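Trainee: Protein chains in written order, with the numbering used here: chain A, 742 to 1325; chain B, 742 to 1325.
Honestly, the hints are just simulated from the structure, not real lab data. Any given hint could be a false lead.
The list treats identical chains as one, so a pair stands whether inside a single copy or across any two.
Only pairs whose alpha carbons sit at most 27 Å apart, straight line, appear in this in silico DSS-like list of lysine-lysine [what the hints assert, rightly or not]:
no., residue 1, residue 2
1, Lys887, Lys1001
2, Lys958, Lys887
3, Lys1116, Lys806
4, Lys1107, Lys1049
5, Lys1044, Lys759
6, Lys1193, Lys1010
7, Lys1245, Lys1320
8, Lys1010, Lys1021
9, Lys1324, Lys958
10, Lys881, Lys891
11, Lys881, Lys1046
12, Lys881, Lys958
13, Lys958, Lys879
14, Lys891, Lys879
15, Lys1107, Lys798
16, Lys958, Lys867
Since the structure is predicted, the reported quantities are computational estimates derived from the model, not experimental observations.
Protein chains: 2
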Amino acid sequence: MFRTHTNGELNSQNIDQKVTLSGWVQTIRDKGFMMWIDLRDRYGITQLVFDADRSSKELLESAGKLGREFVIQIEGKVIERQSKNPKIATGNIEILVEKLTILNASEVPPFTIEDQTDGGEELRMKYRYLDIRRNPVKDKLIFRHKMAQKVRNYLSEQNFIEVETPVLIKSTPEGARDFVVPSRMNPGQFYALPQSPQTFKQLLMIGGMDRYFQIVKCFRDEDLRADRQPEFTQIDCEMAFVEQEDVLEIFEGMTATLLKDIAGKEFGKFPRMTFADAMKKYGNDKPDIRFGMEFVEVNELVKGKDFKIFDEAELVVGINVEGCAEYTRKQIDELIDWVKRPQVGANGMIWIKFQNDGVVTSSVNKFYNEEDLKKITEKFGAKAGDLIFLMSGNENKVRTQLSALRMELGNRLGLRNPKEFAPLWVIDFPLLEWDEETNRYHAMHHPFTAPKPEDVHLLETDPGKARANAYDLILNGNEIGGGSVRIFDKDLQAKMFNLLGFTKEDAEAQFGFLMNAFQYGAPPHAGLALGFDRLVAILDGNEVIRDYIAFPKNNSGRDVMIDAPSSIADEQLDELELKLNLKA
Amino acid sequence: MFRTHTNGELNSQNIDQKVTLSGWVQTIRDKGFMMWIDLRDRYGITQLVFDADRSSKELLESAGKLGREFVIQIEGKVIERQSKNPKIATGNIEILVEKLTILNASEVPPFTIEDQTDGGEELRMKYRYLDIRRNPVKDKLIFRHKMAQKVRNYLSEQNFIEVETPVLIKSTPEGARDFVVPSRMNPGQFYALPQSPQTFKQLLMIGGMDRYFQIVKCFRDEDLRADRQPEFTQIDCEMAFVEQEDVLEIFEGMTATLLKDIAGKEFGKFPRMTFADAMKKYGNDKPDIRFGMEFVEVNELVKGKDFKIFDEAELVVGINVEGCAEYTRKQIDELIDWVKRPQVGANGMIWIKFQNDGVVTSSVNKFYNEEDLKKITEKFGAKAGDLIFLMSGNENKVRTQLSALRMELGNRLGLRNPKEFAPLWVIDFPLLEWDEETNRYHAMHHPFTAPKPEDVHLLETDPGKARANAYDLILNGNEIGGGSVRIFDKDLQAKMFNLLGFTKEDAEAQFGFLMNAFQYGAPPHAGLALGFDRLVAILDGNEVIRDYIAFPKNNSGRDVMIDAPSSIADEQLDELELKLNLKA
Chain A
742 MFRTHTNGEL NSQNIDQKVT LSGWVQTIRD KGFMMWIDLR DRYGITQLVF DADRSSKELL
802 ESAGKLGREF VIQIEGKVIE RQSKNPKIAT GNIEILVEKL TILNASEVPP FTIEDQTDGG
862 EELRMKYRYL DIRRNPVKDK LIFRHKMAQK VRNYLSEQNF IEVETPVLIK STPEGARDFV
922 VPSRMNPGQF YALPQSPQTF KQLLMIGGMD RYFQIVKCFR DEDLRADRQP EFTQIDCEMA
982 FVEQEDVLEI FEGMTATLLK DIAGKEFGKF PRMTFADAMK KYGNDKPDIR FGMEFVEVNE
1042 LVKGKDFKIF DEAELVVGIN VEGCAEYTRK QIDELIDWVK RPQVGANGMI WIKFQNDGVV
1102 TSSVNKFYNE EDLKKITEKF GAKAGDLIFL MSGNENKVRT QLSALRMELG NRLGLRNPKE
1162 FAPLWVIDFP LLEWDEETNR YHAMHHPFTA PKPEDVHLLE TDPGKARANA YDLILNGNEI
1222 GGGSVRIFDK DLQAKMFNLL GFTKEDAEAQ FGFLMNAFQY GAPPHAGLAL GFDRLVAILD
1282 GNEVIRDYIA FPKNNSGRDV MIDAPSSIAD EQLDELELKL NLKA
Chain B
742 MFRTHTNGEL NSQNIDQKVT LSGWVQTIRD KGFMMWIDLR DRYGITQLVF DADRSSKELL
802 ESAGKLGREF VIQIEGKVIE RQSKNPKIAT GNIEILVEKL TILNASEVPP FTIEDQTDGG
862 EELRMKYRYL DIRRNPVKDK LIFRHKMAQK VRNYLSEQNF IEVETPVLIK STPEGARDFV
922 VPSRMNPGQF YALPQSPQTF KQLLMIGGMD RYFQIVKCFR DEDLRADRQP EFTQIDCEMA
982 FVEQEDVLEI FEGMTATLLK DIAGKEFGKF PRMTFADAMK KYGNDKPDIR FGMEFVEVNE
1042 LVKGKDFKIF DEAELVVGIN VEGCAEYTRK QIDELIDWVK RPQVGANGMI WIKFQNDGVV
1102 TSSVNKFYNE EDLKKITEKF GAKAGDLIFL MSGNENKVRT QLSALRMELG NRLGLRNPKE
1162 FAPLWVIDFP LLEWDEETNR YHAMHHPFTA PKPEDVHLLE TDPGKARANA YDLILNGNEI
1222 GGGSVRIFDK DLQAKMFNLL GFTKEDAEAQ FGFLMNAFQY GAPPHAGLAL GFDRLVAILD
1282 GNEVIRDYIA FPKNNSGRDV MIDAPSSIAD EQLDELELKL NLKA
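Isolated chain A, as found in the complex (with noise of 0.2 Å):
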């Protein structure tokens, strides 16, 4: 037996008991005639000691090889420590050692095995499985099983089923993110790996599942920014004889006990917002509602008075950022520059500071006097103290550059608590968007998103203006979730296909198992889809999902560690009836 306990079980109650303990070798202080050993597993630390007086010559001499990262055993009485650590678990006691074996050397690790380490992201990345043994990795890999198994059992409760869908299957025209997988058995024949369970789930659906979910691995071939991976984890859910309304209840009852669980406080209902709404209020369609800073739009305000830019704008839109009338002309002059960065594009930006004295002045005295700039003031409901930013330019254009210059003011002024959660959905979604480029309509959810009831007259004759009966679960300002009221109606859905620009011959070619299934009784049904990585990395506070995932790969879409993708020999090609085809 390699233990009796773990190293984060003992405490007062065990003294005088002997004991086995395994672990790792944390720290060595090593006295001369003391020396201390903090012995580290999964579940603590526990300090062993070794004293000149107590201890015999062979044992003090064999503690004295060891280093950091050892992994050991040892027998022992627990007795009570000296110097009492009450911020550990087992800070009362220590284990005065009888018997050590080294149960394994270590070379000293690459970099420093603690919560602080000295150790850069790329070389924590090669030796990942040594970055896992610090507790801030270790921790997030638990709070992910955990936050896991409470989804499991919610979702099982509320009668889902996890039903397990395939992970080879069939690569379409559409699919240019899709991996694919050549079949050895099948020459020439590829399958694909699913960007996501959606048709496998609308089957499910139709065959009379009812309620399904899986936590399951989707994939997606892409160019990766920052914090994306080529494999990502999905909860998906699917449910049938349902509204809109079902699903919202189901999956804020989830998210709430999960909150609740971290929290520790009931959520309740979530509040809701339009798309519209939230792209008016907040210039986005995944708003932080953590704090207010809701747009004002001023058009009616600020037109006629010469100021050629605000004349020729189609939206004069801003925010007012409470308490900060005192920022000096460097501070805002670094915001406006902020705004004007590439990454935002902005023009520039025009304040209105109401001072604390009650004097309203802005940047643009010229064409507004003090009156003017009140009335301004009073739409904003800001108060002495305040400070007022405007910007202007093409309605879309604007909202987005607002949005921007609102998250960093959140950021800077600290309103952006990780802590605290904010969730919201966000309904209402269009169903289609205009694609310059191609020049044709897009799904804006994907094209199994049924058109709202009332809006489906506008397919025929402004079906930009058609909303969805689609929804996404925002979490401090981030898409935790989406989903979507599907359409069953086989004619409903050829029509969206012919929308988006399929022939109906494509249509068939890529779609056709799931249009032949709508005609034996298919079911309403409805779904949704939450990033599981993304959704554990903010519940606990955190925004870097890379953090949550325990092999993740790099930005190129590589595994530093295993050093993969890497080339395959030739005989597998071969094998395969494949050949490399490099450009240059």
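Dock chain B against the given chain A, drawing on the hints supplied.
Mentor: Only chain B this time, still in chain A's reference frame:
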């Protein structure tokens, strides 16, 4: 709202309530003046009634248009049923329908959605979504879900952490059966899909995760035997600071928990048998111990009696088939023909009857007198009425042949009751097996398996004799899991790779990251993986794993429903910088 209740929910207590139900039309019985419809969903069946006296003409007309598998919604009143059906939960009531909405029509399905369907395997696979509507398929998927939940809850309670390991990993030259995945971002390079997360779980142990599990998809691109799938699911586990005993205890606890739930009884400690004993007693390393018929070796009783076949045989071994002495000559000849089939490959066999009248006779009376024969029956512990079969030849071959006969007789005599469960650990497997073809050793389990400490010296002198700390979990004659204590010392691991014929460079190229990890304090560790598909099938009293997979592939690795694998667009190949290189 589509329903107030499911179709499995209403009973006498709901009489007089107004309800809304949705579901599929299972059956229609139209008696002219009365019409009954069985409405089905995942939860059950509810009988709907329309009647000429109480229903409006429009309603009756609308009901008249219904067909099988139409999706409908009804509103109505729960009333007491005339002829009750005690077999179903809702058998005491029916719904007098007041309003009927056809949610979706259905073509006549290609096979009947009944427990006993008229659809053949191929048709049902093509329309798997309709097959899933049938109770026998649906119930299996629900059973699978419940087992997965139980496994997860059990292991979580035992402090195991579910960690997701990557699906896109590194292909190794050894991985002849790897599926590979070309990377668009890294042209000419490939990921591989994991055949198991073996190295990752070992790295997690090195990373201090202590107890890891995962219910995870694994992949193998190989010719598919009757009941293999290119993607399959494993319960994958690993533990640190443990010995074999700890692993066996945890997983017999897990299996007993599942079995208790199904069979309603405690299973206590599972029996254990060495590989050597299993081969000697059952000719098989996965014996079905639901029935006896243990092998009895009789060399010393049969040799030297001028029966050349036995005199020349390395081993003469038999089984006692209780109560079958009255088998006719024809029945026995048929069994002899059975063992002579190429699948078994025996040259023949000898029978000895211990007749009910006490006389012992045999097919070799010419060589053995009754006293000789009685000695044999005594060694078998046979009683009057028993029938003994003896086979002879090369030790390994004859055991395999006799094992096939034993299993066949077990089946024919009804000794393999699928609702009876006999778990068993087979332990002490050989570490290596000699491969005649390549003229070198192969790892019997895998190259990371530790030899038994007392056999390590044999690696130098007689490696084939070394036993491993490896174990298989057997249930009803099926291997449902296997694992081993792992090597955690880099020198021993290097020696193993050497024994297995790897050059130092090969070992480095393929397992360098693991060998490297061993340098930084690898703890002792051991693990196990269970085939989840098979486990679930056997627990459910079945052996066909395909039935427990929602969307299985056929023997050619094809998903006939979605038609995968399939060819991909030239542009996709081009982007991957690949070319087809098809052989004639």
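Trainee: Next, verify each hint and record whether it holds.
Mentor: Structure-based check of all given hints:
1. For the homomeric pair Lys887 and Lys1001, the shortest alpha-carbon distances inside one copy (14 Å) and between copies (26 Å) are both at most 27 Å.
2. Both within a single protomer and between protomers do Lys958 and Lys887 lie at most 27 Å apart by alpha-carbon distance, with minima of 18 Å and 20 Å respectively.
3. In the homo-oligomer, the alpha carbons of Lys1116 and Lys806 never lie at most 27 Å apart, since the shortest distance is 78 Å inside one protomer and 66 Å across protomers.
4. In this assembly of identical chains, Lys1107 and Lys1049 lie within 27 Å of each other by CA distance solely inside one copy; the values are 12 Å within and 121 Å between copies.
5. When the C-alpha separation of Lys1044 and Lys759 is checked against a cutoff of 27 Å, the pair qualifies neither within a copy, at 84 Å, nor between copies, at 60 Å.
6. Only within a single protomer do Lys1193 and Lys1010 lie at most 27 Å apart by alpha-carbon distance; the minimum there is 23 Å, versus 60 Å between protomers.
7. In this assembly of identical chains, Lys1245 and Lys1320 lie within 27 Å of each other by CA distance neither inside one copy nor across copies; the values are 34 Å within and 29 Å between.
8. When the C-alpha separation of Lys1010 and Lys1021 is checked against a cutoff of 27 Å, the pair qualifies only within one copy, where the shortest distance is 23 Å, while the shortest distance between copies is 66 Å.
9. Taking the shortest Cα distances, Lys1324 and Lys958 never come within 27 Å of each other, neither inside one copy (31 Å) nor across copies (34 Å).
10. For a Cα distance limit of 27 Å, the shortest separation of Lys881 from Lys891 qualifies both inside one copy, at 15 Å, and across copies, at 24 Å.
11. Neither within a single protomer nor between protomers do Lys881 and Lys1046 lie at most 27 Å apart by alpha-carbon distance, with minima of 56 Å and 74 Å respectively.
12. In this assembly of identical chains, the alpha carbons of Lys881 and Lys958 lie at most 27 Å apart whether taken from the same copy (19 Å) or from different copies (23 Å).
13. With identical chains, the CA atoms of Lys958 and Lys879 are at most 27 Å apart both within one copy (21 Å) and between copies (23 Å).
14. Proximity of Lys891 and Lys879 under a CA criterion of 27 Å is satisfied in both settings, with 19 Å inside one chain copy and 25 Å between copies.
15. In this assembly of identical chains, Lys1107 and Lys798 lie within 27 Å of each other by CA distance neither inside one copy nor across copies; the values are 89 Å within and 79 Å between.
16. For a Cα distance limit of 27 Å, the shortest separation of Lys958 from Lys867 qualifies both inside one copy, at 23 Å, and across copies, at 25 Å.
Comparing the model with each earlier hint shows violations of hints 3, 5, 7, 9, 11, 15; every other hint is respected.
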